[in-house]
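Chains A and B, in that order, give the protein sequences. Counting with the numbering used here, you get residues 11 to 178 for the letters of the first sequence. Counting with the numbering used here, you get residues 411 to 895 for the letters of the second sequence.
Since the hints were made in silico from the structure, they are not lab data. Even glycine gets a Cβ: it sits at the ideal position worked out from N, Cα and C. A portion of the hints provided could be inaccurate.
To be verified - Which stretches of chain A does chain B cover? Using the computed rule of at least three CB atoms under 8 Å from a CB of chain B, they are:
| no. | stretch |
| --- | --- |
| 1 | 57-71 |
| 2 | 109-119 |
| 3 | 159-165 |
What the hints assert, rightly or not - A few chain B residues that don't get close to chain A, going by computed Cβ distances all over 10 Å:
| no. | residue |
| --- | --- |
| 4 | Leu414 |
| 5 | Pro768 |
| 6 | Leu868 |
Stated by the list, open to error - Cβ-Cβ distance ranges computed for the label pairs, FRET-style:
| no. | chain 1 | residue 1 | chain 2 | residue 2 | range |
| --- | --- | --- | --- | --- | --- |
| 7 | B | Ala428 | A | His160 | 44 to 52 Å |
| 8 | B | Arg603 | A | Ile19 | 25 to 33 Å |
| 9 | A | Arg40 | B | Arg694 | 40 to 48 Å |
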Amino acid sequence: MGLGRHFHIVLLALAAIAVKGWLIPFLFRRAMRQVHIQREVDPYIGYTVSLMLCALGTGLSLVLAHSLPLKAGTENVLIVPASLATLFTGFLLLVSRRKALTQVVGYLVLENGIYLFALLLVEDMPALVEAGILLDLFVGIFVMGIVINHIRVAFDSTDTRHLAELKD
Amino acid sequence: MTWLLILLPFCAAGLAFAVSSARLRAWILPAVGILHLGILSVALTGWRTLPATAWFGLDALGGWVLLVISVLFCICAFYAPAYLALRPDRDHRVLSTCLLAFLALASLLAQARHPGIAWVAMETTTLVSAPLIYFNHNRRSLEATWKYLVIGSVGIALALLGTLFIAYSAHMGGLTEPLRYTRLMENAGLLSRPWLRAGFVLTLVGYGTKMGLAPLHTWKPDAYGETPGLVGALLAGGVTSCAFLALLRIYAVVGAAGEGAFARELMVAFGMVSMVWALVFMVRQTDIKRLLAYSSVEHMGILVFGIGIGGLAARFALFHLAANALVKSVLFLSAGNIHRSYASKQYPFVSGALRRTPVSGWLFLLGFLAITGLPPFAPFLSEFNIAAGALGTGHLASGSAFLILLGGIFLAMSETVVKVVFGTPSAERVRTPYKDTPATTAPLIVALGLALVLGVWLPRPLQNMLDHATATVEGVLSARLEVQP
Numbered sequence: 011m012g013l014g015r016h017f018h019i020v021l022l023a024l025a026a027i028a029v030k031g032w033l034i035p036f037l038f039r040r041a042m043r044q045v046h047i048q049r050e051v052d053p054y055i056g057y058t059v060s061l062m063l064c065a066l067g068t069g070l071s072l073v074l075a076h077s078l079p080l081k082a083g084t085e086n087v088l089i090v091p092a093s094l095a096t097l098f099t100g101f102l103l104l105v106s107r108r109k110a111l112t113q114v115v116g117y118l119v120l121e122n123g124i125y126l127f128a129l130l131l132v133e134d135m136p137a138l139v140e141a142g143i144l145l146d147l148f149v150g151i152f153v154m155g156i157v158i159n160h161i162r163v164a165f166d167s168t169d170t171r172h173l174a175e176l177k178d
Numbered sequence: 411m412t413w414l415l416i417l418l419p420f421c422a423a424g425l426a427f428a429v430s431s432a433r434l435r436a437w438i439l440p441a442v443g444i445l446h447l448g449i450l451s452v453a454l455t456g457w458r459t460l461p462a463t464a465w466f467g468l469d470a471l472g473g474w475v476l477l478v479i480s481v482l483f484c485i486c487a488f489y490a491p492a493y494l495a496l497r498p499d500r501d502h503r504v505l506s507t508c509l510l511a512f513l514a515l516a517s518l519l520a521q522a523r524h525p526g527i528a529w530v531a532m533e534t535t536t537l538v539s540a541p542l543i544y545f546n547h548n549r550r551s552l553e554a555t556w557k558y559l560v561i562g563s564v565g566i567a568l569a570l571l572g573t574l575f576i577a578y579s580a581h582m583g584g585l586t587e588p589l590r591y592t593r594l595m596e597n598a599g600l601l602s603r604p605w606l607r608a609g610f611v612l613t614l615v616g617y618g619t620k621m622g623l624a625p626l627h628t629w630k631p632d633a634y635g636e637t638p639g640l641v642g643a644l645l646a647g648g649v650t651s652c653a654f655l656a657l658l659r660i661y662a663v664v665g666a667a668g669e670g671a672f673a674r675e676l677m678v679a680f681g682m683v684s685m686v687w688a689l690v691f692m693v694r695q696t697d698i699k700r701l702l703a704y705s706s707v708e709h710m711g712i713l714v715f716g717i718g719i720g721g722l723a724a725r726f727a728l729f730h731l732a733a734n735a736l737v738k739s740v741l742f743l744s745a746g747n748i749h750r751s752y753a754s755k756q757y758p759f760v761s762g763a764l765r766r767t768p769v770s771g772w773l774f775l776l777g778f779l780a781i782t783g784l785p786p787f788a789p790f791l792s793e794f795n796i797a798a799g800a801l802g803t804g805h806l807a808s809g810s811a812f813l814i815l816l817g818g819i820f821l822a823m824s825e826t827v828v829k830v831v832f833g834t835p836s837a838e839r840v841r842t843p844y845k846d847t848p849a850t851t852a853p854l855i856v857a858l859g860l861a862l863v864l865g866v867w868l869p870r871p872l873q874n875m876l877d878h879a880t881a882t883v884e885g886v887l888s889a890r891l892e893v894q895p
């Protein structure tokens, strides 16, 4: 473990705090102020059912992670089931909510699950790739934010139910 | 030299954003397209060994895919000025910038020798193609863009997780960074199998979403239906080829690790499902652009099916990448012309295209015949050889199913195409001033001509390149096969 690697990990942590802890919430608060919504009121899948499904998903993640071997010395780390469960929760949020903003939150949760898994590899990944992940996350949110703004202007709402004109 | 392939379109994108004259900006596209193709041709003629430690470089596989994209971009770029002149109401600053940025990113992806860099390039490609889909700035294109962004982002996120899984499988085997493709393939025996398998499934689903393999294709008909034909052609032949390349790189690693049989089965299954799904949705599809989108789903299915069968079929699957891109550009651009002329893209509003726009009508008809496998066009050669490869290697059931599906898809597509092309233009249709001009049809004729030439004659250097590319895909990598100027 050289000094360079420590530096790399610290830098990454700082970047994560800045982007995930400050920048994205800032963008979200601004978007929420603009579209005047506080919370999702009528999701496709109700809150109770969502919770049950998430619990089920977490259980499945534990089973799934059990079948994947871990490197000697880290067998007891719960990172893999935690990341799979987070991924599942994000996916569920993404498909079960109507508002464009909530769907983006779902996507962020999903990305967090992946980021959690990447922590297993943090010592072996070059800064280039990890920086790419953060950058893409940011740009992705940025582009989605722009589209949300267009949706708001075009439909006077960010409800994706309006986005149901195209079908076979 | 190969850096120019990335830098040139990238700088041009900046220039296109800065230029204020719309006419001048439209002409940047063909200028960059032809320069890019020229540089690429020069880069591909000089063969030299690429060191295994290189982060970037063109090998046969990347070179082939980039060549296809570059030719396709040229065709679309030469069509663009005339098309954009037809749409004076729409500002094309963002469109031109994003088209050029896409070319830069495709060049980056083709040269990336590390799965992480390839992933970043693929993700950025998704982001730059979103504004392309939103070109028309109406509610329908907004819906298509949102679906594309959300579904595409989830796909790309799963591909990232798959890439991380494969990195962890290398970590388990004691490999450390940099995990370039060459290194992964040389040390494939060390990779941890469960992680490698899980990683492949995730990358297949992830990049498969970007390619538009059923059942992950749901963004495709909406996106292709709502964009100009110009963008549709580039999405159907360019973005999908990028995702296919990223998938093939991982497939090669899995093959080198001796897990080829597992990967092949999945690829064949995905290919079959895509073809069946496309067939089902093509029946009674009256919207010509959505019809083409399902045709794209079908051809992505053919690509992964061919790769999954392997050997001869894999070689012709790579050839089919070029055949599909060329003919799809003819189809999308002529459908775009017909759309301009009728102010609609749906039968019964569109009918009798041969009378109203004879050149575009003929191109659409010939493109349809070519894509469904009429000899001597290139798709016939590839589809025939993929079927022959499947039947010749004992895949009797899937090989026969492949042929039956091709027949069914021909029938399903012909129903709408015949009604759109023949017949008489309905009396109450909207009058538009659009007339076929050489500027809106010449690039299409060139593309169709190329598809015809490829169907009967493939130049020796390209044959060599295809052979090497097939070997790379099949996982038999040696440093000798790498090329670089």
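Against chain B, does the stretch 159-165 of chain A show at least 3 residues with beta-carbon separation below 8 Å? Three-residue rule met by the stretch 159-165 of chain A, so holds; n is 4.
Given that the stretch 57-71 of chain A was listed as covered by chain B, double-check it with a C-beta distance under 8 Å for 3 or more residues. This one is violated; 0 residues, fewer than the three required, reach chain B with a Cβ under 8 Å.
Closer than 8 Å, Cβ to Cβ, for at least three residues: run that test on the stretch 109-119 of chain A against chain B and report holds or violated. holds (count 3)
Mind checking the hinted window 25 to 33 Å against the Cβ distance between Arg603 (chain B) and Ile19 (chain A)? 29 Å Cβ-Cβ, so the 25 to 33 Å window holds.
Reported absence of Pro768 (chain B) from the contact zone with chain A (all CB gaps over 10 Å): Holds: least Cβ distance 30 Å, greater than 10 Å.
Checking the smallest CB distance to chain A, is Leu868 (chain B) really beyond 10 Å? holds (37 Å)
Exclusion check [Leu414 (chain B) not at the chain A interface, CB over 10 Å]: holds (21 Å)
Given a hinted range of 44 to 52 Å, is it respected by the beta-carbon distance of Ala428 (chain B) and His160 (chain A)? violated (24 Å)
State, for the Cβ atoms of Arg40 (chain A) and Arg694 (chain B), whether the hinted interval 40 to 48 Å holds or is violated. This hint holds: roughly 46 Å between Cβ atoms.
Violation of the numbered hints given earlier is confined to hints 1, 7; the remaining hints are satisfied by the structure.
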